[in-house]
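Enquirer: First to last, the protein sequences are chains R and B.
Sequential numbering of the first sequence, starting at 1, is according to my numbering.
Sequential numbering of the second sequence, starting at 1001, is according to my numbering.
Careful, some of the hints might be misleading.
[As the list claims (entries may be wrong)] Here are the simulated distance ranges between beta carbons:
1. R:Leu301 x B:Gly1173: 48 to 58 Å
2. R:Gly112 x B:Lys1138: 51 to 61 Å
3. B:Val1296 x R:Leu115: 50 to 60 Å
4. B:Ser1265 x R:Gly12: 29 to 39 Å
5. B:Asp1185 x R:Ala277: 46 to 56 Å
6. R:Met26 x B:Ala1048: 42 to 52 Å
7. R:Gly112 x B:Gly1287: 48 to 58 Å
Since the hints were derived computationally from the structure, they do not count as laboratory data.
Glycine residues also receive a C-beta, built at the ideal position from the N, C-alpha and C atoms.
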Amino acid sequence: MARRAGALIAAGLAALTLVPVAVVMMQAGGRGVSAPDLAALRFTLVQAALSALASVACAVPLARALARRRFPGRAVLIVMLGAPFLLPVIVAVLGLLAVFGRAGVFNSALRGIGLPEVSIFGLGGVVLAHVFLNMPLATRMLLQGWQAIPAERVRLAESLGFGPRDHWCHIERPMLRAVLPGALLAIFAICLTSFAVVLVLGGGPSATTVELAIWQAIRFEFDLPRAASLAVLQVLACGMAVGVAGLFTSASGFGAGLDRAMDLPAPGGWRRGVDAAVIAMAVLFLAAPMLAVLQRGVPGLLSLPASIWSAALASLIVALLAAPMAVGAALALALGRAQGSRWLEPMAMLPMAGSQLVLGTGLFLIAFPFIAPPRIALPITVLVTAVMALPFAYRILAPQARSLQADYGRLAASLDLRGWAALRLLIIPRLRRPLGFALGLCAALAAGDLGVVALFATEDGVTLPLAISRLMGAYRMTQAAGAALVLVALAFGLFWICDRWGHGGTAD
Amino acid sequence: MKSLYFAAGFLTIAVPAMAETPVLDVLTYDSFVSEWGPGPAIKTAFEAECGCTLRFTPAGDGAALLARLQLEGAKTTADVVVGLDTNLTAAARKTGLFAPHGQTPDLSLPVPFADAEFLPYDWGWFAFVHNKTLEAPKDFKSLAASDLKIVIQDPRSSTPGLGLLMWLKDAYGDEAATIWKDLADNIVTVTPGWSEAYGMFLEGEADLVLSYTTSPAYHLIAEQDDSKTAAVFSEGNYLQVEVMGKLASSDQPELADRFLAFMLSDAAQSILPTTNWMYPAHTPAAGLPEGFETLVQPTRSLLLNADEAEALRAPALDEWRAALAR
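Isolated chain B (complex conformation) (with noise of 0.2 Å):
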């Protein structure tokens, strides 16, 4: 059915607009609009109390993004934008598109947050999944040392990757490199983007896989399966955490600022740890999903400030480029 809309959507240029009853445009990832992803129950729930039309458009990944609404500009459609992560706002907030969002929410992140322009929805511990029967290694410098295979995602195409790039930064500074030197050997390769190392991770080819803490708790919700564990670093694990944001240039900025509300409220914070697998930014007052409670815990949380994030994305990079380049 949804193809025949497909083919429709061409062939009519104008699509009539419902007069009365206004749009809200939200520009997001790819996987969030899936129908694995949030997107559908946020629309389902969002539009039974806003009386508008939620609209998404999907595109790509994060670092795609916040291309698209670089490409599009101040001419841009869209009213809100969801699916950046620190190590992205400081360049997004460059851009100049997006307005203060004026709320004070309460937050549940392991590390202070506070942020004119962007409100956290949802954040996550970067780190190493396995199968619990391997023994993992404690920190960076016993993976290293390890001949653990490892596979991870290339900070040049993928956020992931470049968390892990800032996680090394943030744990170690200027010994970074040496860290990625002696990691180079356990490296089995560096993907484009999550999905094929995960999928290379459960086919055998790696013993451990950069992903989330959350990552095994899919495995025991949705396909009741426990063999999967995340590793703690004692150095800490690095934080992912995925903001949105209101466009200065949204012609229903009250819908706009409604919609940033309503993503940190209990009924879309309950939404997004089975479907988003990641912690909801605001714990819902029923708690967390049964099997969430097995997840590792980090005892330490590490997130470089958004500046710092990128100003140190193009040294970093030059060194892990040169670190690895056999």
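Isolated chain R, as found in the complex (with noise of 0.2 Å):
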């Protein structure tokens, strides 16, 4: 049953994703892929790789502390890491040069105290803005492995006088090889099509990502062949990663459990000042360039003009359309996956590696000919930020359909639970935590993504991303401020209620 729906859904993904590369491919012209395409290449593939260890090295130590302390504001935190992800990508950069840049708090304390300034512009600002973007993601998605352990075998593991050194071998580390690889991979795949970042900050011509030399080819050069090689290039990348990846996964194979609430064990002494600082550290690293967002918006919330609203109720319908859409076919390729159709796991992937502005073109060559573009806006965006989403859903889902098929599947199909009645019974209450999770984020990206509506835009038909960034364009910084925060309490509005319903209550 989920292997078929998996099969069908990953067949209308590959139909999306690749039709409208091949049809940009097909059009006439193209000088193929130069030098410099190659030498952008390399330098996407070095930051994105970077990023990705640098985000997964540093949420590894504070998925574990928020996994095993317990402390006033811990719920609280854990959902407030959603938020940097959710920023539009030029109000976290802005954010970030508030605290690290030329005129920033950072360079103040240093000149201050008598130090040289740095310059945040290079690769290293590139892997700082990923990390503080990337980084909250991968913790929640390692959180999720650590909660996901089975109470028993914590329990076992202390009757057995395991110490934090036993409990890493036996218990963390086979957890994070189900989980680790997952979360590496999804955080490369961003990085590898990021693009605003990587400009902005990259400081210069050799700071080039592939996803620019698509912009440069399909805008200034018209050269839409050259534009879909560089895009199925960025698909190869993202295709070798997903293969490497799937080598290091392997099952936790912890077995089920009863579900009992059991906190894991909280080892004393200097374990714990280390946990302590490694929490402080990340509130600080996170919360600085927020509270600067903040800063900079609320003065900009006064001047709002009325069609910002308009704008929000927009993205609302995008995101509410959008989001069940890409959950609901994400948990069909998780099922699929778990149940031994291994080919759905990179089928899955396509959508994050594709390149939003060829995808975009594709679908505009393909409409135009039937149908005017701006008529069909609301379906196109809605289609596509779902399929864009997908990824981030079945990389939540992955790990945890995995244990769910492993524990429960020869159960069900001693049973013969199928369809309405397993999905009722067994998947929406052993996955409803990763559900709420994907839900959240997916709806939070939805209504923050600008992507390939510009290309089927109407005059009236205004997303906030797409509002924020004419604000920008009349001049007008602090409004577009102000409106980049009524967007983030959007995302991050609708991001709480589904992850709340994702923990039904409970106390995490």
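The task is to assemble the complex, starting from two chains supplied on their own in separate frames and drawing on the hints.
Expert: Right under this line is the structure:
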């Protein structure tokens, strides 16, 4: 059932992501991929790999500290971790600049104690920004892993007298083997197609990504086949990463538990101090740019044009339609994969590596002969947003769908539990937590996405990200900052509601 | 309210056409149609006299506009395109989609301008904008020799970025590569579009930003802030001339001609300075808005013609990339 649904969805996904590329590829012209393009590919891969490694390296100790410590405000902190990921990129970058830029707090402090300034521009700045944006996502993904360790294993470990080191070897390491490659892969793929962060913070043309080369090919050279070739290169790079991650992923093999609530052991002594320091540093690193965003946005809130609210409504509609589509499809793919269809995995990751600009251009070329593109702005926006959000939902659902199949698959088969009954009695209750998280994330991403819609835009059909970019384009930076705050509040509100549902009212 | 139309627009496949009222489709860049741009006022004014419906379709920025037109090709439903600049007109002409405008407008550009297919509607000098407290450099060489920090736009994704490329090429020819090399340590970063660069300048990340001599007018008129000014360079400041053209495939050619003429009338030209923050292509009888007289006036204006700009673009890009690659 899930395998058949998964196969259908995968075929649809492949058609949606590959056919537009093929259509773009078939256009006339084309001068092939050049040497600067290969340099761009190299830089893209290096920055994406470094960003993924750095994000996950920071996320492991943070997720671990959050998993085993209890303190006031912990639940709020975990939800707030979603915020940086939901910021419009340029807003996040300006927030980071307010802290780490030339006129920022960090450099003022360095100057204050007589140290030389540090420049954020260059590869270091790109990685720093990617860590800021993605480390919280990685933390949440890993935290799901920690929270999914059955209480029975923890109890067994306790009765066997496991110290922190044994705990690491026999409980945490196998769990990470199941979750870590997926988290690395997700962040690698996000950074692969990252565009504005790399350009703004890269400092010059040596920090050029494949996505920029695609822009140039489409917009200034109108060399569509070249744009498509570059998009294919990008997909291949991601495909290789999926393969490598697959080699390193293994099931945690904990078996099922009875879902009794049980805290993880919280070792005292120096480990306690380290955990506290990790949490404090992460909060400082993540909160400072967020506060800068808040501080810049609040004055703009007072002078927001009324049109912002209709744009917010449009974004809300897109989010409410796209998120369930993305999560539903991702669930079918994750269950199909768990039941043994390995090929579904790269299919689910495909949209993440696809170039938005090429996808939009392809869809435009397909639609244009039949219908005026602005007429189908909403369906296209919803569809593309759902497709783009799907890989995130898949990555969140996949590890636990796999455990679900391992732990309950035979029981469900022997009871002939299928279809809606399986969904209602087994899948939704067991996967509620990752489902809520995935739904929230997709809704928030959909609300904040500008992407493809630009090609299909109409005079009036303005979404919030488009409204922000228009405000910035009209010198109105303060109002843009205020509107960005509205977007963050909307995205975060959606995320919070879904995430809370996933936790079903439990303490965390 | 607008989003209800937005939603309703998708549900109805065919918007019932109002049989008697002709519709003029104008393809333009995004900031033209935004409520802070000239679009809404132009629409009201033109519809009041044309007995027609003016419909704007926004398509990103100037470069995206040309790409969009090429995607649509001869089947385009647009009648008029507004918002290309002279660095893009050669490529636009090559598409063969444009028809001659046949008009002889009275232009107030600082350089002679004639083009059979494209009519200017506004223009501005590119310039480095800075705070008045800064002692601004007098030319590119003194800028390169200083330790001032600048932020510029990427010529591969933004029209001001491309404008700067042409500026240096026009002013220095083969020496441009050397100037770029000397400028490398002044450039904080290269942003994909104008807004990121301008935003970073306002946040204090750079001393100067590549924009227009008219940018300080926004701060002065809209924000009552007279702290910004622009640097006049002794080599001359390069021009951005924004143009519009009529499509040969238009099913409303007379209406399209009327719109082009309207865009150069006092009614439309007096809207542009304080919405697009550029100089009008034809100074209206009432003159420029108050505040524009405070703007700096470059003494030399540079502008490559469309064919030169097209021919220089690829080699100039390679030169730029090589000079700035570290």
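Enquirer: Does each hint fit the structure? Answer for all of them.
Expert: Structure-based check of each hint:
{"no.": "1", "hint": "R:Leu301 x B:Gly1173: 48 to 58 Å", "result": "50 Å, holds"}
{"no.": "2", "hint": "R:Gly112 x B:Lys1138: 51 to 61 Å", "result": "34 Å, violated"}
{"no.": "3", "hint": "B:Val1296 x R:Leu115: 50 to 60 Å", "result": "38 Å, violated"}
{"no.": "4", "hint": "B:Ser1265 x R:Gly12: 29 to 39 Å", "result": "52 Å, violated"}
{"no.": "5", "hint": "B:Asp1185 x R:Ala277: 46 to 56 Å", "result": "38 Å, violated"}
{"no.": "6", "hint": "R:Met26 x B:Ala1048: 42 to 52 Å", "result": "46 Å, holds"}
{"no.": "7", "hint": "R:Gly112 x B:Gly1287: 48 to 58 Å", "result": "51 Å, holds"}
Against the hints set out earlier in the document, violations occur for numbers 2, 3, 4, 5.
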